[in-house]
Structures are given as structure tokens and as C-alpha cells.
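Our numbering puts the first residue of the sequence shown at -1, with every later residue one more than the last.
No lab work stands behind these hints: they were computed from the structure.
Computed from a predicted structure; not experimentally measured.
Glycine included, each C-beta is placed from N, C-alpha and C at the ideal position.
Mixed in with the good hints, there may be bad ones.
[Stated by the list, open to error] Cβ-Cβ distance ranges computed for the label pairs, FRET-style:
hint, residue 1, residue 2, range
1, ALA15, LYS297, 35 to 41 Å
2, PRO167, ILE485, 52 to 58 Å
3, SER101, PRO167, 50 to 56 Å
4, ILE58, LEU522, 54 to 60 Å
5, ASN13, VAL74, 19 to 25 Å
6, SER458, LEU162, 20 to 26 Å
7, GLU365, TYR137, 42 to 48 Å
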Amino acid sequence: MKTTGTDRKFNGKENIAELPKDKRFQKYTFGLGFLLALSFVLGGMLTNERRTCRTPLELIQMLAILCIMTFMSSIVTGLLFMLLTGLRNGCGRSRAAGMEYESRQAFAFYTVVILLCWLPVFLAYYPAVFAYDAEGQLYQVLAHDYSTHHPLIHTLFLGAFYKLGEKLPGSFSSGMALHSIVQLFLMAVILAYALTFLYREKSSWVMRILLLLFYALFPANSILAVSTTKDVLFSGLVLLYTLKLYQWCCEGGEERKESDILFILISALMLLFRNNAVYAWLLCQPFLLYFTGKKGRLKRYAVIAAATLLAFGVGSMGLKASMSAQRGSPREMLSVPLQQMARTRVMHESEIDDATRKKLDEYLPAEWVFAAYNPYLADPVKNRAVIHDDPAGLIKTWAELCRQFPLTYVDAFLDNSIGYWYLADKTHAAIYGAGTESGFGYLSTDNRTMPAGYEIVEHSYLPGLRSFMERIISDNEYQKIPLLPVIFSPAFYWWMLCLYMAFFLYRREYRMLIPALFLTAYYLTLLLSPTVLIRYMYPFVVTCPVMLCLVSQFPEKMGVKNRQ
């Protein structure tokens, strides 16, 4: 009997050649293809025209291009679905007889390979990539004047190694070198654990080898491993949290207190290492409680969730109280609204009525806003805007401008977040400039300035390798190699997650969506962030490839016959 797209059963023996005839297959490949095409159309318009469509003719042209691109991208997504179906059916999963190893042997192998590949980068950037927010965080440590603007736990973690440097030969630079070694080792262990997890799950050996090469050789991994940014350890914790969530929801979880305690510890640390992580985590909880309720494990997960929130609250308040830390500014949350107001003023100054313009002057004065506005970076406007004197008036003025210029508000939001969803975007690689001399580009490798006597002194032991790496991530020469910019694109990892979710929606394996919940919610917070940087997307860089590898795991081990 012939099956339709609505009664199709997935039993691990699908005929891949017949998939394009299936209505459900067509629906999901078209849906994902449409979203991908829409991102290219909008991204192309913003890049070339600096705005989206305004006239009926432009709208017609946009729809025509969208139709063509949707057709093309649907073919691509269809081919990807067929590839994933083959992996789900077991292609590439078999291993040669007599080549089985214990998990600890595989773990040791993965750890050593990653460390050996990262060690030269550490020597090239010795003692550390002292960039991003390190200067501001360590000023807090030196002055004993702490703020929650940056996660306190990371400021103290970084500061502990910095102060330890006073007691080591080489002073503060030695402390930062020790920080690099510890962080590099921790990240290598976490990534090796993820690979070993995939090994135990008997995922595709081809995908595991590709993932190992990606972890070991992709420049963002090795350079960020020795960087002082908070996003590194946070990303490692996100990866561990996602794998624990996968075990708990997709495999039933271990019925042991030790496993639940570890889950709580990883979750609480993850929330402590990034200020916006708690909002994403809270957004996920109703879905997780609903799912666990259907599986008869509501009480157990409710205890885990409550304990996580309690541990986070106690840890956060305890750190704040012990350090007498001041509360961070709400400016970060106003990045997009202030960008929208600034863009409206820059583009429609003559069209704004006198009363609104006078009110706007209180928050974004004309004497600096025209020069400060950058469509891809909110910091110049956000850091100078007057927001505390009259918050209610600020909200009212924002709403009034939104009513008058809604499309400009949309364009401001899209431009500020373009690198998160547009694969061809290049602005994220030059947010602060680009070039080896400045140390800015795809990644920041500039050495931040500290007070006299407290400097971090660079001493490259492999200057040739450093020069080569700088050409890639500061001069952005990777953009000259065909297809390579896609892998470097922050948006690539978001679309990888979308592919994962669309594929399991198509197959009705809804439990496999649970591990994607946090990353999806966290992505929503990134859309409201001040700019697009690969370090902000680093949780996706280390986690999404692992999730895609789980496609090739044995479905029968997942209990696919009992899909929800």
C-alpha cells in the first residue's frame, strides 16, 4: 500500500530515492529553503541598497527573486535531507572488525590530538590573546571595584591567574600564560568528551573524523582557547549542558543522584558565565516541563530545574555580596532600541516633527549621533545615550518614532543582526576594523593596555605561525578562498541548527528537538545584542556540529518507535 506524506512511518529503512515524492519531505525542505532564500534576499538588499524594499516595484522585484531563490535553496535543503536520511539509516556508521576501543582510550586519543594541534598556537600567541573585555575586567580586580556588567565568576577566574602572576617569574604575563594553559586544557577535554560521547553512541566515523579535524584545526577554536574572553568557557559549558539534556530527554537519563547533581552543577555554572544565559534558560523550562510531564518524569526534572535556579541565585547573589559588586548598566538591553532611534534620526532628520526632535535631543543629541551611528555596532550610540534621566520618556519617544518610521526600525534591527542570519555577510569580520597591525578582524588578537607595571608582554615563540594566523583572522584572507567564508560565517552555525531541527520535525522525532531548545532561545537574545561577533556565536560553533553528528546515531537506541 502506498503511503502519503501524512501517514509515512520512519523505520530506518527509507528508500532515499523515493523521498522527493513524499509530501512531508517536500513541505519541510521547501519551508527551510524559503527561510534560507529570504535571508539571502533581505541580506543582499541591505548590503547593496542599505535598506529593504520601499516601493511596490521593489516589492515585486524582491518577490520574483525570492521565488527563484526558494526553488534553488529547496533543492539544496532536499539534498541535505537525503544525506541526513542516509546517515540516519546507518551509512558510514560501521567500523572495521577488531578496531573497537574503550571509551577512555578514545577520549585520550581525541584529547591528545586537539592539544597537539593547539599547542603551537599557544606558543605563537604566548602568553595569551589578551583582548576583548580583559582590560576592563582586570581593572576591576586591581581596583577592587567590581561590577556585574561582566559575569563576576569569569572576572574572578581571570583575576585569580592575573594576581597569581605576581608570584611567578615573568610577573603578570606568566599568570596569563597559566590561564591560557588551564583554559586550553579544559576546552580540549570538553571537546574530546563530546567526541567520545559520539563514539559511544556509534555515530558515523566519517562525521567524527571531520569534527575532530574541525575542533583541532579551525582557527577560531585554537585562538579562542588561549583568549581571555568569557565566551570560551561558557561555550564549553553549553556543549556539556546540551549533551546532558540529550541524555536526559532522549535516552531517559541515568537514574542516579550523581548524574542529576552533575546536571545541576553544569547548568548553574553555564548561567553564571553569561549574563543573558538565564533568560534563554528560563524560556526553555515550560517546554522541558511539558515534555518531562508526558514522559512521567515531571517531578524529577522539576527538582533539577528548581535546584539549578537556586544554585544560580545563591551563586550570583553570593558573588555579588562578597565582592560588593555594583549592578551593571541596563544599556546592553537597549542596544537595538537605541540603534533604531539613531538610524531614524540619521535617515529622517528633516521629516521628524519639532516636538519629537526636541524630545529626541534629550537622549540622542544631534551634535554626536550623526557621526556615532554605525548600522553594525550599537556601542558608539549605546555608550553615549542619556537613558537614566527619563526612562518613561525614552520609551514613549521610541514608540512614537516606531509609529512614524516602522520600516526604518525593521532595517535597523536587521542591519544590527545581519551576521547572525545572512551567510554572505562580511561586516562581522571588520566590526572594529581589520588588519594585522591593529589586531582586529574576524577575531580580535590585539594586546590590551594595562597600567605601567601591570602590562601583559607578548612574546611569540613561533612568529611565523602567528603571522600566518594573523593573515587569516586579522587580514581576513580566508574570504579570498571559495566556500571557506561560509564555514567562518556566524550564520552558518545557526542554519546548521535549523537544518537539524527541520530534519527531526520532518521525521517526527520530536524528542531530538529538546537539546536544541536552549541554543534556539539563546539565539533570540543574540539578535538583541550590540553587534555580531564570532565569539558571541561560539556556543553554536562547538555544539551544533555535535548535534548534527547525532543524526547518525542508532535510532533504535533512542526509542524512535515511541516518538512523541
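We went through each hint and held it up to the structure:
no.	hint	in the structure
1	ALA15 to LYS297: 35 to 41 Å	violated (47 Å)
2	PRO167 to ILE485: 52 to 58 Å	violated (40 Å)
3	SER101 to PRO167: 50 to 56 Å	violated (39 Å)
4	ILE58 to LEU522: 54 to 60 Å	violated (32 Å)
5	ASN13 to VAL74: 19 to 25 Å	holds (21 Å)
6	SER458 to LEU162: 20 to 26 Å	holds (22 Å)
7	GLU365 to TYR137: 42 to 48 Å	violated (29 Å)
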